[in-house]
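S.K.: Listed below, chain by chain, are the residues.
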Amino acid sequence: MKKRNSNLTAAMFLLPYGILFTVFVLIPVFYGFFVSLHKWHILSTAPQFVGLTNYRDILSDDLFRVAFLRTAYFVVMTAPLGNMLSLLLAVGLMQDFKGTPVYKVAFYMPVVMTVSVVAVMWRWLYSTEFGMLNYYLGCFAHFGHAVVPGLVSAQSAHIPWLSNPGTAMPAIALMSIWWGAGGNMLIYLAGLKAVPRELLEAAEVDGAGPLQRFWAVTWPMLRPTTLFCMVMSVISASQVFGQTYMLTGGGPYYSTLTVVLYMYQQGFGLYQLGYASAVAYVLFVAVFMFTLLQFKLLAVKR
Amino acid sequence: MAFVVCGCGRNGESTRAAGPVDVVFWNGFTGPDGTTMERIVRSFNHDHPNIRVKMQIIPWATYYDKLTLGLAYGGAPDVFILHVNRFPEYAYYNSLNCTDDLVAKGGLDANDFVQVAWKAGLWHGKRYAVPLDCHPIGLYYNVDLFKKAGIVDQNGNALPPVNLAEFLQDAKKLTKDTNGDGRPDQWGFAFTWLRTNSYTFLGQFGTGLLDKDFRRADINSSQAKKAMGLMADLVTKYKVCPSPEGQDAWMGFQTGKVAMAMEGVYMLASLEDQKGLNFAGAVCPMFGKKHAVWAGSHLMVMPRSITSEKRKAAWEFITYLSDHSIEWAKGGQVPVRKSILDSAEFKKLPVQYQFSKELPYVVYEPPVVPYNQIVPFADAAFEAVLMHVKPANDALDECARRVDKVMNRQ
Amino acid sequence: MSKGKGRKRAISAGSIIAQVAMILGAIIMVAPILWMISTSLKQPTAVLTPQPHWVPNPPTLENFAGLFTKSEEFPVVRWFINSLFISCTVTLLVLLVTSTAAYAFARLQFKGREVLFMVVVATMIIPGQVILIPVFLIVQKLGWFNTYLGLIIPGLASAFGVFLLRQFFMTIPVELEEAAYVDGAGPFTVYSRVILPVAKPALATLAIFTFIGAWNEFVWPLIITNDISMRTLPVGLMIFQGRYSLEYGTVMAAAVLCSLPMVVAFLIFQKRITEGIALTGIKG
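Chains as they are written, first to last, in this note's numbering: chain A, 1 to 302; chain B, 303 to 712; chain C, 713 to 996.
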């Protein structure tokens, strides 16, 4: 291997990425913190340095508290359930039934949709009067009549999913689980495929049934994958924005206000860039600490 | 003529352009308003061959974001509309062009303006905006329903209520359960936009979102709680008004299911299209201790950094709009030029003329710099009280707390 | 619990239940998408019915045609072209920029290599929102607000791309490169003639992920564009929906238009995508 001029060569190879990385990733991390120390309105030509005032205001801001709790609620609703669903789907794919390639495509299809398509699609599904979801729920309630179509037309369940403070966030959570399940499914699938077949066959020989084999062999070997997926799910869920922005705008009555949405409203709705930047950093610290916690709890113990 | 030196106005040299001067005009007048404004712009362009006004209509929902980003980072228009309550923020951050010198040179007579609107264009004593209109809410009422219920004067004309007692009396007569299913299908009254209705009630009880100095929240004062309580009572106690939740109250009025509604003069076009609806306008009844109604205003402004050549042209356009605000009024607005208000042509516009009688006691929302930050708290509180999401006192106290937090940060 | 293809599959009740579950699951997953397509093909009067009809009767393309007649206020075609142009450009540039950096990290020796790589990887856990506002201000200072440059350049420093490619490059047998060096090739030739061709699978995977990611970007185009003609399709769809919110047929047509390229790309490249995950070595 050529070692001559290797530093210079390396520099040339690294230069394009390095410049982009420094300007658009590295510097912003510190610049953003700098901005958060100012009272910085979009129109102001001379932002005012205020030290940690923004942070102090955030911690005493009850709307931020609401956003934080709603985000935590969303994370708790989507990360564990979503991962369980992803794992279940992956296990199903591992069975290698006829039609598995079709199943794989079907399960992953939602992932390639952009958030506005998903939001638009589900807004229609959740429509109180004409939504498909309410219709089938109504069918459920009128089960007998629905089995014989035309006998009695089933009534829509008329649940105002997105305009009722109690159902709005669960509705968004359900939609988000649908949207993301396929992504983690592929990762779990890769993890499942990596489980050495010999171990499973040995367990089978020892008389273990499928469920026992799963718990004794597969699940422990899946630990790193599970940890990775849970951590990424939590990080991703804590940043939920597009869904709440498009479907409910944080309403009704702040029931779907999430931290990133709050940050966007502060920064680009109320033009307070300094305050919004501080919100972002508080979220970052919270998520980071929670991630460390997850590592402690879920990391592989040997 | 005294030339007022205010340290404002452009000093740059203007170069004579070869063709007409382009003036980019932004506003949020979608729908029929837009059509009216388009007509006025066309006639201006026709009368002024050396100026070409290019209008861009941006729906209000995204208007201010686009405007702010344009002002900050490039791409701002030459003339744009600001609502009166958003004006302080833009004035505070020095984004607007001072027009004292232009007013002093003539072209607009300050004495011809309705003072409350004219004063609204001032910031720290200097003028940055010219009001185009004042749009209060007023009482729309269904003439046929009134006549059917026998609420008429001695000539048999429908007689709208002027105070709380008459209002309740009339509304009760007009709330009917015509198909016997136990629920009224005709209502005497319905709340349309909660914000405007609530500010009206609050104003009539001598209070508002902020106190008289615009420093602290007043929305949880005893008077405010009385005002909001009365509004809630219309639904629950007097039962003359449906719960606002999930209601399209305006559609109810349009289809003759609601007899009275308090809405803006700008909603006129949507009623004129409604075939078979026999409606009229009147001043809002006095529910509280004094006369007061919510009003908004559209202000015409120029950005601070406008070139001197465009400034001249833009100012011509602004004065033209004001001078011809009778055309704007025809679309469903109340002009703020006294000469136009007194004209026979304006008095022929039935609803606009009636609503214009409220001008002496219109109330704007608090003209404070952080208005945009506090108005969502107020909206949420109004919703919470009238839709029973929270106990009224809690909602108002919570709103006051949040508003005070923002006001204290200023 | 995998069973080899050669073994006889025991037909157990559990297996049947599992297969039924899979079919139901697939139907439920795809149902919303099918419903969206179905609605987009319905006549406007047939959309709001109390009972959902899955098959439009009669099917019509008028909702799609309607998208183009509204194009003065909502330039759907321009949005589509914007998204296409930006996604292609971003993909190409990301491949270029991350592959050179990944090659440096994988194969070139230099001071601080491990530390720098750690720094790059560490940024993968920083939520995008943290740098949203500072990047916004930087882009504005560069004069790129509301421009294609502003839409394309900031997202190019993909740490994921560098990570993915470096992992892959490290699996390439060293002998291939050494042979080239022996033949007198310089590092750049080795990179372009030896590494890149061999890395085609990884590059293709990164390309498709990057393309889909760039197309689906929502927040960044939302804040960095101000003119309606500069919007990308996802943001445009949101604006469109704001105006036509109750005309579900039209809105679904716009949504179908927005998602069609991604679905097509996915169907064509699904193997790359589904197998690409394994390349990242994430499972371990």
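Read the hints as simulated data drawn from the structure, not as lab findings. Just to be clear, a hint being listed does not mean it is correct.
As the list claims (entries may be wrong) - Listed next, the in silico DMTMM-like pairs over lysine to aspartate or glutamate satisfying Cα-Cα at most 20 angstroms (straight line): (1) C:853 to B:483; (2) A:193 to C:939; (3) C:983 to A:96; (4) B:707 to A:96; (5) A:39 to B:367; (6) B:707 to A:57; (7) B:692 to A:57; (8) B:356 to C:987; (9) B:614 to B:411; (10) B:356 to C:939.
Stated by the list, open to error - Some, not all, of what chain C presents toward chain A, calculated at C-beta under 8 angstroms: (11) 745; (12) 746; (13) 769; (14) 838; (15) 866; (16) 956; (17) 963.
Positions of the beta carbon are idealized from the N, C-alpha and C atoms, including for glycine.
S.K.: If a hint holds in the structure, say so; if it does not, say that too.
M.R.: Evaluated hints:
The straight-line distance between the Cα atoms of residue 853 (chain C) and residue 483 (chain B) is roughly 65 angstroms, outside the 20 angstroms bound, and the hint therefore fails. Under the criterion of a C-alpha separation no larger than 20 angstroms, the hint pairing residue 193 (chain A) with residue 939 (chain C) is inconsistent with the structure, at around 48 angstroms. In summary, the hint linking residue 983 (chain C) to residue 96 (chain A) is supported, as the alpha carbons are separated by about 16 angstroms, within the 20 angstroms threshold. Proposed proximity of residue 707 (chain B) and residue 96 (chain A) is contradicted: the alpha carbons are some 60 angstroms apart, above 20 angstroms.
With a C-alpha separation of about 19 angstroms, the suggested pairing of residue 39 (chain A) with residue 367 (chain B) holds against the 20 angstroms cut-off. About 9 angstroms separates the Cα atoms of residue 707 (chain B) and residue 57 (chain A), which keeps this hinted pair within 20 angstroms; it holds. Annotation: proposed proximity of residue 692 (chain B) to residue 57 (chain A) is violated, straight-line Cα distance about 25 angstroms (limit 20 angstroms). The suggested pairing of residue 356 (chain B) with residue 987 (chain C) is violated, with an alpha-carbon distance near 54 angstroms, which exceeds 20 angstroms.
A hinted pair counts as satisfied when its Cα atoms are at most 20 angstroms apart, and residue 614 (chain B) with residue 411 (chain B) qualifies at roughly 17 angstroms. For the hint linking residue 356 (chain B) to residue 939 (chain C), the alpha-carbon distance of about 15 angstroms falls within 20 angstroms, and the restraint holds. A hinted interface residue such as residue 745 (chain C) counts as satisfied when its beta carbon comes closer than 8 angstroms to some beta carbon of chain A; here the least separation is about 6 angstroms, so the hint holds. Interface hint at residue 746 (chain C): violated, since its Cβ lies 10 angstroms from the closest Cβ of chain A, which is beyond the 8 angstroms cut-off.
The interface hint given for residue 769 (chain C) is violated, since its Cβ lies 16 angstroms from the closest Cβ of chain A, which is over the 8 angstroms cut-off. Given hint, residue 838 (chain C) at the interface with chain A, holds; its Cβ is 7 angstroms from that chain's nearest Cβ, closer than 8 angstroms. Against a cut-off of 8 angstroms between C-beta atoms, the interface hint on residue 866 (chain C) holds, since the closest Cβ of chain A lies about 5 angstroms away. About 10 angstroms separates the beta-carbon of residue 956 (chain C) from the nearest beta-carbon of chain A, more than 8 angstroms, and the hint is not met.
Residue-level restraint check for residue 963 (chain C) holds (minimum Cβ-Cβ distance to chain A is 6 angstroms; threshold 8 angstroms).
The structure does not agree with the numbered hints 1, 2, 4, 7, 8, 12, 13, 16 stated previously, though it agrees with the rest.
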